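K.L.:
Here is how the chains run, residue by residue.
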Amino acid sequence: MILKEKVALVTGASRGIGKAIALELAREGASVIVNYSGNKSRAEETASAIEALGAEALPYQCDVSNEADVQEMVKTAVKKFGHLDIVVNNAGITRDGLLMRMKEADWDAVLNTNLKGVFLVTKAALRPMIRQKQGKIINIASVVGILGNASQANYAAAKAGVIGLTKASAREMASKGITVNAVAPGFIVTDMTDELPEEVKEKMQNDIPLGRPGTPEDVAKVVRFLASEDSGYMTGQILNVDGGMAMQ
Amino acid sequence: MAEDDVLERVKKIVVDRLGVDEADVKPEASFKEDLDADSLDIVELVMELEDEFNLEISDEDAEKIQTVGDVITYIQSHKS
Ligand SMILES: NC(=O)c1ccc[n+]([C@@H]2O[C@H](COP(=O)([O-])OP(=O)(O)OC[C@H]3O[C@@H](n4cnc5c(N)ncnc54)[C@H](OP(=O)(O)O)[C@@H]3O)[C@@H](O)[C@H]2O)c1
Numbered sequence: 001m002i003l004k005e006k007v008a009l010v011t012g013a014s015r016g017i018g019k020a021i022a023l024e025l026a027r028e029g030a031s032v033i034v035n036y037s038g039n040k041s042r043a044e045e046t047a048s049a050i051e052a053l054g055a056e057a058l059p060y061q062c063d064v065s066n067e068a069d070v071q072e073m074v075k076t077a078v079k080k081f082g083h084l085d086i087v088v089n090n091a092g093i094t095r096d097g098l099l100m101r102m103k104e105a106d107w108d109a110v111l112n113t114n115l116k117g118v119f120l121v122t123k124a125a126l127r128p129m130i131r132q133k134q135g136k137i138i139n140i141a142s143v144v145g146i147l148g149n150a151s152q153a154n155y156a157a158a159k160a161g162v163i164g165l166t167k168a169s170a171r172e173m174a175s176k177g178i179t180v181n182a183v184a185p186g187f188i189v190t191d192m193t194d195e196l197p198e199e200v201k202e203k204m205q206n207d208i209p210l211g212r213p214g215t216p217e218d219v220a221k222v223v224r225f226l227a228s229e230d231s232g233y234m235t236g237q238i239l240n241v242d243g244g245m246a247m248q
Numbered sequence: 001m002a003e004d005d006v007l008e009r010v011k012k013i014v015v016d017r018l019g020v021d022e023a024d025v026k027p028e029a030s031f032k033e034d035l036d037a038d039s040l041d042i043v044e045l046v047m048e049l050e051d052e053f054n055l056e057i058s059d060e061d062a063e064k065i066q067t068v069g070d071v072i073t074y075i076q077s078h079k080s
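Respectively, the protein sequence lines represent chains A and B.
Under UniProt numbering, the first residue of the first sequence carries the number 1, and numbering increases by one thereafter.
Under UniProt numbering, the first residue of the second sequence carries the number 1, and numbering increases by one thereafter.
Quick caveat, the hints were computed from the structure, so don't treat them as lab data.
Certain hints may be false.
Stated by the list, open to error - SDA-like, lysine to any residue: derived pairs with alpha carbons at most 25 Å apart: (1) A:176 x B:37; (2) A:123 x A:109; (3) B:79 x A:128; (4) A:133 x B:16; (5) A:75 x A:39; (6) A:80 x B:32; (7) A:123 x B:39; (8) A:123 x A:100; (9) A:75 x B:36; (10) A:4 x A:28; (11) A:133 x B:77; (12) A:80 x B:48; (13) A:123 x A:176; (14) B:12 x B:34; (15) B:32 x B:5; (16) A:167 x A:56; (17) B:64 x B:79; (18) A:123 x B:57; (19) A:80 x A:97; (20) A:176 x B:79; (21) A:123 x B:64; (22) A:201 x A:15; (23) A:176 x B:66; (24) A:176 x A:222; (25) B:79 x B:30; (26) A:75 x B:42; (27) A:133 x B:55; (28) A:133 x B:50; (29) A:75 x B:55; (30) B:64 x B:21; (31) A:40 x A:75; (32) A:75 x B:59; (33) A:133 x A:150.
These numbers were taken from a predicted model, which means no experiment stands behind them.
Model the full assembly from the supplied sequences, consistent with the hints where possible.
P.N.:
Below, the structure is given as structure tokens:
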């Protein structure tokens with residue numbers, strides 16, 4: 001177990017990639033704050049699964065785009081567990097549509113959750129991490145933030161923003177022993193991609209050199225690496241977990 | 001709390017955190033100009049002061065802190 005005694009906050013951990021990340025970190029011994037937005041029962045399922053692995057879990061409802069609530073969440077976590085070592089900014093939504101028809105509300109919703117949320121959670125977590133003089137922040141970006149995607153102007157902009165934010169915060173915090181890296185998943189099988197029309201799914205799959213969509217666990221394993229000391233000499237990096245969709 | 005006591009405790013934190021000479025930590029010393037601190041050092045310093053004196057210093061107040069004297073005054077006026 002490589003994350004014994006560590007405390008991790010995973011946003012959007014009730015389902016999909018966030019859930020797989022929460023379980024992966026718990027399997028390595030970390031206590032996990034299971035953040036979610038509305039899906040209490042799914043968050044509790046994640047928490048029970050974590051406890052079944054012998055680790056501690058705290059389900060916590062909080063909209064990551066609300067600063068006061070985010071501050072409260074981090075305070076509660078630190079109070080309960082004593083410290084905060086790992087933050088995974090995973091919560092995210094899509095509101096797809098052609099740019100020409102995209103409603104301002106759909107732009108705002110995606111930017112608020114996917115980009116501002118990362119800023120607010122990072123800002124709150126830096127306090128305890130600076131105190132501890134160590135911390136690992138892992139942001140979940142997307143291949144779409146690198147390649148762009150028709151019908152996802154809002155999402156692509158937010159994810160490209162996450163990549164910039166990752167690099168800026170990595171530079172800012174490096175001298176304090178805090179590393180900030182991102183993972184850019186490709187096409188991963190979750191509720192988010194389940195909504196896509198069949199022909200879009202088929203087309204995306206044809207674009208994947210490794211010939212299959214990814215699983216949440218594919219992403220979680222790379223996050224585990226970034227959360228561990230094995231990646232101690234890495235910061236400001238974007239790791240693609242996309243079956244080869246974008247090669248840099 | 002006696003003023004001297006506050007000064008001593010602040011001095012110790014500043015010396016530890018910024019690695020400066022105790023003799024340079026005078027009330028009129030500016031963190032950025034005289035003690036070679038960058039803005040992140042000041043953020044860290046403020047957090048340590050919060051722990052030491054059991055206070056919460058708001059972001060707005062923290063931004064106003066420029067000299068060692070500012071810290072002493074702040075602590076004197078916020079600590080019962
Ligand atoms: N699936 C993919 O192919 C793919 C590819 C690249 C990147 N990603 C990124 O990976 C991350 C996870 O995606 P996913 O596919 O696992 O999505 P998902 O299955 O739709 O799950 C989204 C998670 O985010 C939470 N959430 C949504 N809005 C929130 C808010 N405002 N505050 C707090 N939590 C919120 C949800 O909580 P509730 O359950 O309470 O609603 C849920 O736990 C996202 O950032 C996504 O952009 C996904």
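K.L.:
Now, for every hint given, state plainly whether the structure supports it.
P.N.:
Evaluation of the provided hints:
Of the supplied pair hints, the one linking residue 176 of chain A and residue 37 of chain B holds, its CA atoms being roughly 14 Å apart against a limit of 25 Å. Distance hint between residue 123 of chain A and residue 109 of chain A is fulfilled; the C-alpha atoms sit about 20 Å from each other, no more than 25 Å. Straight-line distance between C-alpha atoms of residue 79 of chain B and residue 128 of chain A comes to about 23 Å, which keeps the hinted pair within the 25 Å bound. Of the supplied pair hints, the one linking residue 133 of chain A and residue 16 of chain B holds, its CA atoms being roughly 14 Å apart against a limit of 25 Å.
Distance restraint check for residue 75 of chain A and residue 39 of chain A: the Cα-Cα separation of roughly 22 Å lies within the 25 Å cut-off, and the hinted pair is therefore satisfied. As the CA atoms of residue 80 of chain A and residue 32 of chain B are separated by approximately 36 Å, the hinted pair breaks the 25 Å bound. The straight-line distance between the Cα atoms of residue 123 of chain A and residue 39 of chain B is roughly 15 Å, inside the 25 Å bound, and the hint therefore holds. Distance hint between residue 123 of chain A and residue 100 of chain A is unfulfilled; the C-alpha atoms sit about 34 Å from each other, more than 25 Å.
For a cut-off of 25 Å, the pair hint linking residue 75 of chain A to residue 36 of chain B is broken: about 31 Å separates their Cα positions. At most 25 Å may separate the alpha-carbon atoms for a hinted pair to count; residue 4 of chain A and residue 28 of chain A meet this at roughly 6 Å. For the hint linking residue 133 of chain A to residue 77 of chain B, the alpha-carbon distance of about 29 Å lies beyond 25 Å, and the restraint is violated. For the suggested pair residue 80 of chain A and residue 48 of chain B, the alpha carbons sit about 21 Å apart, so the restraint of at most 25 Å is met.
Straight-line distance between C-alpha atoms of residue 123 of chain A and residue 176 of chain A comes to about 14 Å, which keeps the hinted pair within the 25 Å bound. Taking the CA atoms of residue 12 of chain B and residue 34 of chain B, the gap is near 17 Å; set against the 25 Å cutoff, the hint holds. At roughly 24 Å between alpha-carbon atoms, residue 32 of chain B and residue 5 of chain B fall within 25 Å of each other, so this suggested pair holds. Under the criterion of a C-alpha separation no larger than 25 Å, the hint pairing residue 167 of chain A with residue 56 of chain A is inconsistent with the structure, at around 31 Å.
The straight-line distance between the Cα atoms of residue 64 of chain B and residue 79 of chain B is roughly 18 Å, inside the 25 Å bound, and the hint therefore holds. Restraint check for residue 123 of chain A and residue 57 of chain B: satisfied, since their Cα atoms lie roughly 16 Å apart, inside the 25 Å limit. Restraint check: the Cα-Cα separation between residue 80 of chain A and residue 97 of chain A comes to about 42 Å, which exceeds 25 Å; the hinted pair is violated. Between residue 176 of chain A and residue 79 of chain B, the direct Cα distance comes to roughly 29 Å. Violation of the 25 Å bound is thereby established for this hinted pair.
As the CA atoms of residue 123 of chain A and residue 64 of chain B are separated by approximately 20 Å, the hinted pair is consistent with the 25 Å bound. Between residue 201 of chain A and residue 15 of chain A the CA atoms are separated by roughly 20 Å; this keeps the pair inside 25 Å, and the hint holds. Note on residue 176 of chain A and residue 66 of chain B: the hinted pairing holds, with a Cα-Cα distance of about 21 Å set against a maximum of 25 Å. Among the hinted pairs, residue 176 of chain A with residue 222 of chain A is consistent with the structure: their alpha-carbon atoms are about 23 Å apart, no more than 25 Å.
Of the supplied pair hints, the one linking residue 79 of chain B and residue 30 of chain B holds, its CA atoms being roughly 22 Å apart against a limit of 25 Å. Annotation: proposed proximity of residue 75 of chain A to residue 42 of chain B holds, straight-line Cα distance about 22 Å (limit 25 Å). Restraint check: the Cα-Cα separation between residue 133 of chain A and residue 55 of chain B comes to about 20 Å, which is no more than 25 Å; the hinted pair holds. Proximity of residue 133 of chain A to residue 50 of chain B is assessed by CA-CA distance (about 16 Å); at most 25 Å being required, the pair is judged to hold.
About 15 Å separates the Cα atoms of residue 75 of chain A and residue 55 of chain B, which keeps this hinted pair within 25 Å; it holds. Between the alpha carbons of residue 64 of chain B and residue 21 of chain B the distance comes to roughly 24 Å, so the proposed pair stays at or under 25 Å and holds. Among the hinted pairs, residue 40 of chain A with residue 75 of chain A is consistent with the structure: their alpha-carbon atoms are about 20 Å apart, no more than 25 Å. Between the alpha carbons of residue 75 of chain A and residue 59 of chain B the distance comes to roughly 16 Å, so the proposed pair stays at or under 25 Å and holds.
At most 25 Å may separate the alpha-carbon atoms for a hinted pair to count; residue 133 of chain A and residue 150 of chain A exceed this at roughly 42 Å.
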